[in-house]
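Residue numbers (our numbering), protein chains in the order written: chain A, 1 to 340; chain B, 1 to 393.
Simulated from the structure, these hints should not be mistaken for laboratory data. Don't take each hint at face value.
Going by beta-carbon spacing under 7 Å, a handful of chain A positions derived as facing chain B [stated by the list, open to error]:
#1 Y302
#2 H309
#3 A317
What you are looking at is a predicted structure, and each value in this text was computed from that prediction instead of being measured. Where a beta carbon is used, it is the ideal one built from N, C-alpha and C, also for glycine.
Here is how the chains run, residue by residue.
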Amino acid sequence: MRFAFDEDHVLFRTTVRDFFAKECTPAAVREAWSSHRGWSTERWTKLAALGVTGLTVPESHGGLGMDELSLVLVLEESGRAGLPEPIVDTTAVGAPLLAEVGSDDLRERWLRPVAAGQAILGVGLAGYPYVDHAGSADLLLLQRGDEVHAVAPDQVTMFEQPSLDGARRLATVEWEPRVGTRLADGERAAAAVESALDRGALATAAQLLGVSQQLINLAVQHARHRVQFGQPIGAFQAVKHMLADALLRLELARPVVYRAAYSVARDEPERALDVSMAKAYASDAATLASRVALQTHGAIGYTWEHDLHLWMKRGWALAASWGDAAWHRARVGAAVLPVP
Amino acid sequence: MDFELSPEQVAFREEVERFLDDNDDPEVFDVTRENMAQIVDTPKKRAFMRKVGEHGWLGITWPKEWGGQESDGVYEYLLNEALARRGGPQIGKGVGIIGKTILAHGSDRLKKEFLPKILRNEVEFAVGYSEPDAGSDAASMKLRATRDGDGWRLNGQKTWTTSAHFAEWYWVGARTDPDAPKHRGITLFLVPLDQPGITINGIWTMGDERTNDVFFDDVWVSDDYVVGELNRGFQYISEALDLERFTMFTFSPIEQRMDLLRDYVATETRDDERLGDDPVVRHEIARLATDCEVARVLGLRFVAKSMKGGPPPTTEASEYKLFATELSKRLANASMDIGGPGSQLRVHTEDAPMQGRAESTYRYTVIDTLGGGASEIQKNIIARRKLGLPKNF
Ligand SMILES: Cc1cc2nc3c(=O)[nH]c(=O)nc-3n(C[C@H](O)[C@H](O)[C@H](O)COP(=O)(O)OP(=O)(O)OC[C@H]3O[C@@H](n4cnc5c(N)ncnc54)[C@H](O)[C@@H]3O)c2cc1C
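The following block holds chain B by itself, in its conformation from the complex (with noise of 0.2 Å):
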């Protein structure tokens, strides 16, 4: 056992974090834009990833074959986490949860044309899972897909999917056996957003992002569009819901959220005290840093154990998106509290205590802990998997 790098690991974390200097830009990077900021919305990120591409670092871990390195997932992780920390764009999506799926289960045609513009950052999408009626209990999805010639026509309405108003490509998954028990009747496709009969509907949140319901009426998919097996689309979201909860939930906005408060209980001074005198911070911010390193040992353990191929392990994601998640927020309660009458103000005001984070991620880090899979979901899965516990619905 052991929790060093090694001393090829350190060069790579040295590098990327040369590589990000060398491209500093604050329209690319801003931390106190927490939530979505992995999201590559702009031209301007999409170009900085393009050069990530460029720099052979996306989809490191995949095959040679396809243009990978076939590199242990630490790398990976440590350029999204090193992404992270500055507030940028990640690697999310596209190689993380499309790329690897494909790898896994996609056609040679869907590897040919997909795996190349995702290794160069060419293509963004969209992931399609939630419906109305269908968020916790996303196998209960209706969007209907009916047989027409060689291929598919959809119809029904997903919503809460992120990044349709600027991605190209949804992956989305549709009942096309209603008659199959509802999780064996699902299949994914892949959908160009710009097909005729696809309206996207703008839905703005408390943490001032954008996110979309995407309504399909009489959309033609063509057969090569289909991913994997018929039927068989919810198994393949299970293991990339899996994925999307490690890779999306990246410790390093949280260490640094930490650090920001540590700091400003050192500095700051209350009723001519210093914060950092008073027992009960220090009680509560030794209590923080101890969650902390738990979170980040936690997410090394999960990259560990996803190095040894095969499935991604399942009950370490959900442990570890449980508790990073549930930790951010008592982090974000900490610094509410600790930043006392200031920490209401908004983020970008002036006098807002640590760069008004304070206030901006008590709003943001509320939807951790049910984007991607609730808490109270993750604990099922736990309580299922691991404990072996019957199932509650």
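So that you can see chain A by itself, here it is in the shape it has in the complex (with noise of 0.2 Å):
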């Protein structure tokens, strides 16, 4: 047993760690909430030229080839930053489930784009019911009943669902399922789709690492200089115990995800445990790190000019996507515990 990361995993991560620290500033953020589509194709095309965005994608088509383990700190980074762009629906679900079930035409015709950043995928699972940014793919994968299909955006009708979260466009979508566009059904979609919502629970779990680090920092920094009856607040043991609570969770939920990307890039027979045990966990985290670092912050946390509510928002809208922290519960509770 090794537990850590490799060496190489821990170099890709302070890679993406800077480029995100020039690229995705606040100010970088901010701007996609007011942007007509919500994120950024320049910074997309930017990770992209890292290998980021084809990081699953098979290195026959372009990409890195590499698992979830690789993935996992990279998204867990991308959270950190706040990244507007859509690397869970594409880079983490999409890719693989293309690759799983598409056509060789299909994976073909959009494996390569994916990988060099000039395609973006849609995902839309039944349990689920938003495609996150649905106006900006060029690919949607649907899942309908017991069949995975491909469809054109100009296939589907698209209702917009404004999520509090301003750079995650929302929508659902109606759509009629034709045999031309099914890439898998009956038990292979199944498990297809099942491993789809184990990549997308992960994903955001791991973002919601990042994004609830975000949340612890600023608000220690605030805690640190913010004066009141004559000292920092963060000498209040209220604030202090606030924030090691936090922490604390924050700390408790990492190793749970890590413990998942591994068994989802190992498709372990208790994969679907692991990353419900790590998406509610985290969900959990990231509401705690949020109210606390509001609290902490006090009143100047609560306006738009600062730039706590961009992560406090992304943290609820992640919390409550892929399945929330209740869902995955009874998820665990279902699997410890089966129903006879």
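Reassemble the complex: the two chains are provided individually, in unrelated frames, and hints are given to aid placement.
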């Protein structure tokens, strides 16, 4: 056993972190909120050049062909930076799903552009009603009953569902399944949907780690500098304990998420259980971190001018996505205590 | 001991409900605009509150001499909760804070000028305690008032002044004695907001509401508008805060969100199962429903205590504020959780569960545990005043 990441993983994380520090500043995130599509094609192309967008795409299709253990740290960084780009839907879920059930033609047609940052994928599964970034997706991978389809965006009707997170453009889509769009059915489709769901939940859990870390960092910085009653508010035990609780919850969530990444990468039999434990914990950690961060900031954190709300809202939105804590806890319950 | 309303009180409540039915107007009542709904910030809301005043329902507890009815605080409570339940303007600052403080400490001149206007809702106030460096530590406020002729010159900055952009008068604390201990050198003033030298800049919040920075540049205020005694302002502010902690954080919106959540759970299905059949959900609902009842009874206890006359009960106000606002947040958490993926949809979106209030109250309620004194400060107050523990600052 080695309870640590390889040097390569860590190195890649550092590269991505440096990239985000330069290219995905809070100002850039803010800009995404007010932009038309909610994210930047320019930054996405640069991410592609780093290999990030095609991280999960097989090397034979121009990607890096890496697994979730590499991806999880990148996703964590993306959460920390508040990255608005569709990395979850395209890289974490869409590309592996397409690689799994897509025809040779479709894989050839889409995976290379995905790796090159020239195409993005939208994913709509039955259990989760919204498609993130549906409006700017080039191809939609949609579940209907026990079938998975690949549908062109102009073959569906989209209904915008304004999210509390301004950089996540959600939509519900209505469409008519056709034989020509079907990628898989029956057990094969069911298995693909299950693993897509696990990938999505794992990816958002990883992002939530980063979001929580950023919220705590912002709060700690504030607690060090904000003076009331003649001392930094971080000197008050009430504030200290609040922040320690939040950090603890995050530290507890982190190894569980890494463990889930390992299970997904290896497709372990306990995959779903591990993922659900991770997502439930990460959602709760982010919810607590955002509550604590705001409480620590006082009124200033409640304003539009301050960056805090960008991360709070991302945290809330992700906590409710790809199965919320309650949903995943129920799945854990069903796994550890099967109904006879 | 008895938990029932008297027949008179029941009749009053019914009369209020009839009145509200007759004046039903979506521009006056909006349950989705929760956080600052109580503010009277539009001509329509103002006209409505004037009608409430004409009914003799503002200042219901005030002495008859000053146009009140000397009624129990229960009536004020019933009225305010009825207004809050519909997401309407509430009796807030004028009657609850400023009127009561002027009655207790103000000069006859101030009483004559302001009390009748407050009773007819002809005036709106903004309250200015907070400054950039004086939040929880309000006594460290620095806005400077220096002697000038028969009055004072004010210089400095306030922040988080809600209502400043539409109110006429500013209820504001300023430092009149910089050499005294910090809470002994503050005086309360009433300042007209259209005075030259006052600049008001908007601050937009996560709850989509506006509050303000207010700058004073040599603003002159006459001695006539000093409230109570010089340098005793912080004492009045503390008393007023106890009032605010109770009246500002009405219970009805909490109850209403509890009802919304309960109805949602009772009717909604997920994965072909009724949410209401899920034991975990039922457990959570049971716990929240119990806590709501606790908050309601805690509120009633405050009302009962404050009826006996004398200064407002302080630790009870803190206990109520602390519990009600933290409960409100927990309720918002649960609504978000139980609302599932749809709970991230913005309020006024057709598909959003619970009228979109899962999302909106999640954003709004974060501020309730800060405004009016943060939860941590309420705990400090309780620990000091009720347990007699030493100060920690
Ligand atoms: C929307 C809105 C409207 C408002 N309206 C008004 C208004 O109309 N008029 C007005 O005067 N003010 C208003 N306020 C200001 C409000 O009263 C303050 O936000 C509040 O008093 C807290 O101050 P602060 O935000 O500066 O937080 P800080 O005092 O900086 O507190 C930050 C954190 O430190 C903690 N802390 C501070 N001191 C201690 C201590 N001794 N022990 C333990 N913990 C401590 C706090 O609990 C909090 O968690 C408003 C605020 C908002 C957001």
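Restraint: Y302 (chain A) near chain B, CB-CB cut 7 Å. Satisfied or not? At 5 Å from the nearest chain B Cβ, Y302 (chain A) passes the 7 Å test, so the hint holds.
Please verify that hint: A317 (chain A), Cβ, nearest Cβ of chain B, below 7 Å or not. 5 Å, holds
Given hint H309 (chain A) near chain B, where the shortest CB pair must fall under 7 Å: 5 Å, holds
Checked against the numbered hints given earlier, this structure breaks none of them.
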